[in-house]
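So the chains spell out like this:
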Amino acid sequence: MMYFTPLKTAVILGLCLLGTILCIPNLFPAPAPWLPWRQVHLGLDLRGGSYLLLEVDMKAVVKERLDSMVDAVRQALRPGAIFYQTLEAQPDQNRILLKLRDPARLDAALAAIRPLIAAEGRASTPEFDVASSPDGTIVLTLSPVALNARALGAVQQSIEIVRRRIDETGVVDPQITQQGETRIVVQLPGISDPNRIKELLGKTAHMTFQLVDETANPNAGGVPPPGVDFLPMQDNPNQKIAVRRRVDVDGGDLTDARAGTNPQTGEWVVNFTFNSIGARRFGDVTRANVNHRFAIVLDGKVISAPVIREPITGGRGQISGSFTAQSANDLSVLLRAGALPAPLTVVEERSVGPELGADSIRAGAISLAVGFVLVIGFMATFYGLFGWFANICLVVNLVLMLGIMSVLQATLTLPGMAGILLTLGMAVDANILINERIREEQRLGRPPLSALEHGFTRAYNTIFDSNVAAFLAHVMLFIFGSGPVRGFAVTITVGIATSMFTAWMLTRLLVSRWYIERRPQLLPV
Amino acid sequence: MFMRPTFRLVRDNTKIQFMRGRIMGLVVSAILSTASVVMFFYPGLNLGIDFSGGIVMEVRTPGPADFGQIRAALAAEHIPEQGVQQFGDPSEVLIRLGAQPSEAAVQQAVTRVRAALEKAVSGVKVLRTDAVGASVSSELFRNGLLALGISLVMILIYIWFRFEWQFAIGAVVTLILDITKAIGFLAITRIEFDLVMVAAILTILGYSTNDKVVVYDRVRENLRKYKTLPLRDLIDLSINETLNRTLGTSMTVFLASLPLALFGGESISGFAWVMLFGIIVGTSSSIFIAAPILLFLGENRLRREAAPAATPAARS
Chain D
0 MMYFTPLKTA
10 VILGLCLLGT
20 ILCIPNLFPA
30 PAPWLPWRQV
40 HLGLDLRGGS
50 YLLLEVDMKA
60 VVKERLDSMV
70 DAVRQALRPG
80 AIFYQTLEAQ
90 PDQNRILLKL
100 RDPARLDAAL
110 AAIRPLIAAE
120 GRASTPEFDV
130 ASSPDGTIVL
140 TLSPVALNAR
150 ALGAVQQSIE
160 IVRRRIDETG
170 VVDPQITQQG
180 ETRIVVQLPG
190 ISDPNRIKEL
200 LGKTAHMTFQ
210 LVDETANPNA
220 GGVPPPGVDF
230 LPMQDNPNQK
240 IAVRRRVDVD
250 GGDLTDARAG
260 TNPQTGEWVV
270 NFTFNSIGAR
280 RFGDVTRANV
290 NHRFAIVLDG
300 KVISAPVIRE
310 PITGGRGQIS
320 GSFTAQSAND
330 LSVLLRAGAL
340 PAPLTVVEER
350 SVGPELGADS
360 IRAGAISLAV
370 GFVLVIGFMA
380 TFYGLFGWFA
390 NICLVVNLVL
400 MLGIMSVLQA
410 TLTLPGMAGI
420 LLTLGMAVDA
430 NILINERIRE
440 EQRLGRPPLS
450 ALEHGFTRAY
460 NTIFDSNVAA
470 FLAHVMLFIF
480 GSGPVRGFAV
490 TITVGIATSM
500 FTAWMLTRLL
510 VSRWYIERRP
520 QLLPV
Chain H
0 MFMRPTFRLV
10 RDNTKIQFMR
20 GRIMGLVVSA
30 ILSTASVVMF
40 FYPGLNLGID
50 FSGGIVMEVR
60 TPGPADFGQI
70 RAALAAEHIP
80 EQGVQQFGDP
90 SEVLIRLGAQ
100 PSEAAVQQAV
110 TRVRAALEKA
120 VSGVKVLRTD
130 AVGASVSSEL
140 FRNGLLALGI
150 SLVMILIYIW
160 FRFEWQFAIG
170 AVVTLILDIT
180 KAIGFLAITR
190 IEFDLVMVAA
200 ILTILGYSTN
210 DKVVVYDRVR
220 ENLRKYKTLP
230 LRDLIDLSIN
240 ETLNRTLGTS
250 MTVFLASLPL
260 ALFGGESISG
270 FAWVMLFGII
280 VGTSSSIFIA
290 APILLFLGEN
300 RLRREAAPAA
310 TPAARS
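Protein chains in written order, with numbering that gives the first Met the number 0: chain D, 0 to 524; chain H, 0 to 315.
Worth double-checking, as some hints may not be accurate.
If you only want the chain H side, here are some residues facing chain D, beta carbon under 10 Å, derived [as the list claims (entries may be wrong)]:
| id | residue |
| --- | --- |
| 1 | 68 |
| 2 | 70 |
| 3 | 106 |
Per the computed footprint, the stretches of chain D lying under chain H, defined by three or more beta-carbons under 8 Å from a beta-carbon of chain H, are [said to hold, decoys possible]:
| id | stretch |
| --- | --- |
| 4 | 184 to 196 |
| 5 | 323 to 333 |
| 6 | 422 to 429 |
| 7 | 486 to 500 |
Just so you know, these hints were derived from the structure itself, not from any lab. Cβ atoms here follow ideal geometry from the backbone N, Cα and C, with glycine treated the same way.
Pulled out of the complex, with its shape left as it was, chain D reads as follows:
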């Protein structure tokens, strides 16, 4: 128990050295880019920044899918002249309801719909479950598997678009990750007022080019004719434009968009370029509709509805519509980054300015220093030499904790700093247990070496049991906690692990070297 082979000694000291080396990257920035320079990250609460939790609107995702399926069904039923009373999406129940006018045509309708479902289902199971009853009702329900796949796809696509949009704003080192099934965490270091980012993320930016129905009068009130919507103008919501529902060209076919000024009028515009598909469609539509109005619709609002003067065949165009430099620039960012598959809502926001972060670091550092001194003083006073062994372990423990956290690239938060301090208080517990035990064994009349042997062995069981129990509580905190609290759980769990190492290995090594050196008749415990 008290004998250490040279190899074992080397391993223990080597681990301590390794911990120290792992701490070095925290002291200064990487001298060369090829070095593995892993540092502890400061949490947003310490360095300032914003944390946004976004929720992907899954209802919108489902609704869009159902709407497009309704369209597909409508077109599938048309060639066979199968008429229906009802064909509607019921997004709340994730299903489409179809009621045929003539129940006898049920089989024909099913036959027409089946290929749609087979074609849509890329996975082994079909996307929709089909149920029919003899009264001519067909219900298409989005299957849970397909629903999950669609949700996953929508979230991942949203993450990609969010990343592109944020990259355009020049925020350094943003972190965008998925949380749970439908949420996205966006962390923006150094941004204490995330308003502009929130505005950029608040738009789905789905842009379409649709023809205007010039025969309808949207501002007279009344119901729009079939296949036409009355959409408000972006800069004047009271003015409505009658826009045909059919999307002629989609913003997804854009390859580039840049803010610029019109050389003649000097006003701000957005210049865009289509890919080959978009360019061809745009050319076709403009050629066929010269002198008609063409609406540019963004998220259900008409940006502008200019008259087509001549066919636009080069795949390039320009949007004007009372832009400012900022709004033209924002729109071009949104168009370049692409449309979100569904709207995002901010469900949680936490932002901290750099001043408060600096204050917190200072407060944390002072507390850490004072607490450290108090604990060291206590151990020295109440345990003498063996207390100093514990204190050496305490320092090594701190170094190892930082080293492991650096390797894990863990995030240090203010609660995390509190966690380090608490860990230091608790880490000496193992040493206290050992010291008390050795003292007891010596009082039972054992000679020094035997007292050390028994003391360490007996204390070990207790240390193990008591630490595992505390460990369990903090692992739970890590699993269920969020944000800064997770940082706390990380520091404490790492601290429990390192303190078991230092108490069990390092203390024993120190005591054994000291014993061999001095050969005392009585242990000063």
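Fit chain H to the known structure of chain D by using the hints.
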């Protein structure tokens, strides 16, 4: 200082008959915990926005803050605040807004408060904004409770596995009593109950478990060592033997938490005060609650089992 210990917390051969006070300990604990549960419902906890939803903004004004001016500025914009108060420094102000009807409303309110402040107070700086929507806050609350519940169950299973069921029940009942007292402390002091407090309570849970396990561990060892000693005397002996360690560790954790309470800043000092309270409760409950429960539950059972056991190792 570098050789022998300067002081000892408790003299060797201390023989305090703790189990004499067992009824007293349990009664006092039961009263405190009942009072805490009552206070949990009335007046209730001061829920932070993590759990209630809403907005908290911390702002710094160039000079000492004029609270009337800030209140007037918010009132002029028809923003219903739930509190404008000093936060630490005289120049720092905490503005609270209650839960908003929708997620979008939360975001609008943040923007409006910011604009109103910037208009009314020149040079004002927003140091911190926390805005939590209703869906997130209820989820955070549920996760907090879940973490607490699962931790308790895991501790129960672990101690059951390593010791006997009497130990496990004793520990978990004591832990629940500890937690209720910590919640009562939060209700009395009106310290805001937020996510960090869940962390504090779980840390107390971890610390308190640790403390109980050490005493239990000694009881288990003594059960094997002294086959005929009555359980009551055996528990007293075990507590006395571990008393130096119990007090020593609670003092180091106490000393480590104290600077956080004093210098840790507004946001972490609440956490530290709850920790300090929890350390005192957790330490005393090991002696006055967990041990008596073990005595009641194990009076006959633990002894009868131990007597015929020829191989002590078989029980570990």
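Here is what the structure says about each hint:
1. Because the beta carbon of residue 68(H) sits about 21 Å from the nearest beta carbon in chain D, more than 10 Å, this interface hint is broken.
2. Interface hint status for residue 70(H): violated, as the beta-carbon distance to the closest one in chain D is roughly 22 Å, over 10 Å.
3. With a least beta-carbon distance of about 5 Å to chain D, the hint placing residue 106(H) at the interface is held under the 10 Å criterion.
4. Figure legend: the stretch 184 to 196 of chain D, annotated as covered by chain H; annotation consistent (3 residues with Cβ-Cβ distances under 8 Å, at least 3 required).
5. For the stretch 323 to 333 of chain D, the stated coverage by chain H is not satisfied: 0 residues place a CB nearer than 8 Å to a CB of that chain, which falls below the threshold of 3.
6. Check result for the stretch 422 to 429 of chain D against chain H: holds, 5 residues qualifying (beta carbon to beta carbon below 8 Å, three or more required).
7. With 3 residues having a beta carbon nearer than 8 Å to a beta carbon of chain H, the stretch 486 to 500 of chain D meets the requirement of three or more and the stated coverage holds.
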